[in-house]
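Peer 1: The primary structure of each chain is shown beneath.
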Amino acid sequence: MAIDWFLLQPLALRAGFGGLLLLLVLGSLAAIILPRVQPGKWQDLAPRMTSWWLICGIVGAALLAGWQAFTLLFAYISFVALREFLTLAPTRREDRLVVLLVYLSVLISYWAIWINNYDYFLVIVPIYVFVGTAITMAFMGRTDGFLATVGIMHWGVIVCVYNLGHIAFLMRTPLAEVPQAGPAGLVFFLIFVTQFNDVAQYVWGKLLGRHKISPTVSPNKTWEGAIGGFLTTAAVFVALAPFFTPLSFYPSLFIGLTLPVLGFFGDITMSAIKRDLGVKDTSQLLPGHGGALDRLDSLMFTAPWYFHMLAIFALERF
Amino acid sequence: MLQLFRRLLLVGLVKPIAKLIIGVDVRGRRNLPIAGPAIIAANHNSHIDTLLLICLFPSASLRHVRPVAAADHFLQSPLSSWFSQKIVGILPIDRTGGAKRDVLAGCREALERDEILLLFPEGTRGEAEEMGNFKSGIARLAEQFPDTPIVPVYLQGAGRVLPRGARIPVPFTCSAIIGKPFRWSGDRRSFMQSLKSTIEALSSAAPPLRWL
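Heads up: the protein sequence lines correspond to chains A and B, in order. What the first sequence shows, in this note's numbering, is residues 1 to 318, in sequence order. What the second sequence shows, in this note's numbering, is residues 1 to 212, in sequence order.
Simulated from the structure, these hints should not be mistaken for lab results. None of these values were measured; they are calculated from a predicted model. Among these hints, one or two may not hold up.
Claimed, not checked - Below 27 Å or equal to it, Euclidean Cα-Cα: the simulated DSS-like pairs (lysine-lysine) are: (1) K41(A) to K206(A); (2) K280(A) to K19(B); (3) K180(B) to K280(A); (4) K212(A) to K41(A); (5) K280(A) to K206(A); (6) K86(B) to K19(B).
Generate the whole structure from the sequences, applying the supplied hints.
Peer 2: Encoded structure:
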């Protein structure tokens, strides 16, 4: 029964899940073998792989289950990311209720996705949550630290709710526009490429990394890792795009080259914020990765870019 | 029957709410005893603290876990009294009684039944996210049960979720840092000093708290 249902999914998506499973198995094998070959260099790989299995299982199941499950899952993921952000960022004692209001923006934004209203989604966070938090905070009456705090609230909502919400909205693309692998295929491809880029940069960096890009922000990032990662990801993107997206060759080349750069900057932006806040990881939610924000950092920048590039080059809906 | 209901409620409702909505980061889980007798000593900022501590335990050991809580606060109304004692499983302690009454008798009986006491040595929630002075009742208990492990726990964040006086809880990720168990040192003063300094030292493993 479950097998039949899985076989009804588009071929590319089934192949994608098969490939992902293969990568997970290879990664887990590497996590067993590499620490024995080079002791001390790979010890974070085993817990990292365990978390990868968990992430792929949950997100994969929601993708296959359809847009309803996926929207609910991403609403929760946005909430967890926002909670991590607001826990670490400085807030004032008076701001507890403003924080509650900011959490409410998760419900409102994902409600717009649920009713498939793109116009509402576009304005809720940048305009109405912006105005609403400012009004509430002014009403609370404490002025010292006002601008800094209202800015922090807004930064958190934009990256955790608005940017990530684009992923859930992509699931509402009409099937007729994406006959290749359906909306789930579009989303699968975005998440896969973004995370693949992180892994490719990590692996190239571990293998060849010499010259640090930004020692003050992210000492583990090297030019070798970044460029190796970009090129590998671009090649994978261009090769697989025809199976998952309606993109033609040149647009896919353009997105393939730019998407990993945005992913890289999402990653180091979050690193800069973590340094500013004085933490290494945003929480202990995912052993080997850190918190939800640590895992989502690159996706927060790639998701809107991928969404808009698809909208410009291929999709009529958005 | 009630015990089963209590466990279902804690495992099926209370723990998922605490973990999914509030969010708890645990460090040093291996230091936590899953069988009694033991005394868990934590700093206290909020009613949420008890919830966080209960969440640390696997469901099988929950029936041995007894939070020690103020009788004057939790036994005020019949409903609160029933809920606190039967569901949360608190051991009421009389904060008003003078020297003539033995306020620790309940705790001693619980330890003799091999239960796990959750104790807040500050004795009150105090200001949100600030640690107050420790009361010495825990030293008297430790002296009478010198073989019982005392497990220091530093809790962070509950004072933001639900500070004293607030009615609506607001989710913030909380941290629980569990230190290595230790035993009665032979002297009350040094015992209290080392307990407090241990919990303060554990706080350095928690993320920096920016609560302006």
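Peer 1: Hint by hint, say whether it matches the structure.
Peer 2: Taking the hints in turn, this is what the structure says about them:
1. K41(A) to K206(A): 9 Å, holds
2. K280(A) to K19(B): 22 Å, holds
3. K180(B) to K280(A): 24 Å, holds
4. K212(A) to K41(A): 18 Å, holds
5. K280(A) to K206(A): Measuring from Cα to Cα gives roughly 19 Å; hence the hint holds.
6. K86(B) to K19(B): 22 Å, holds
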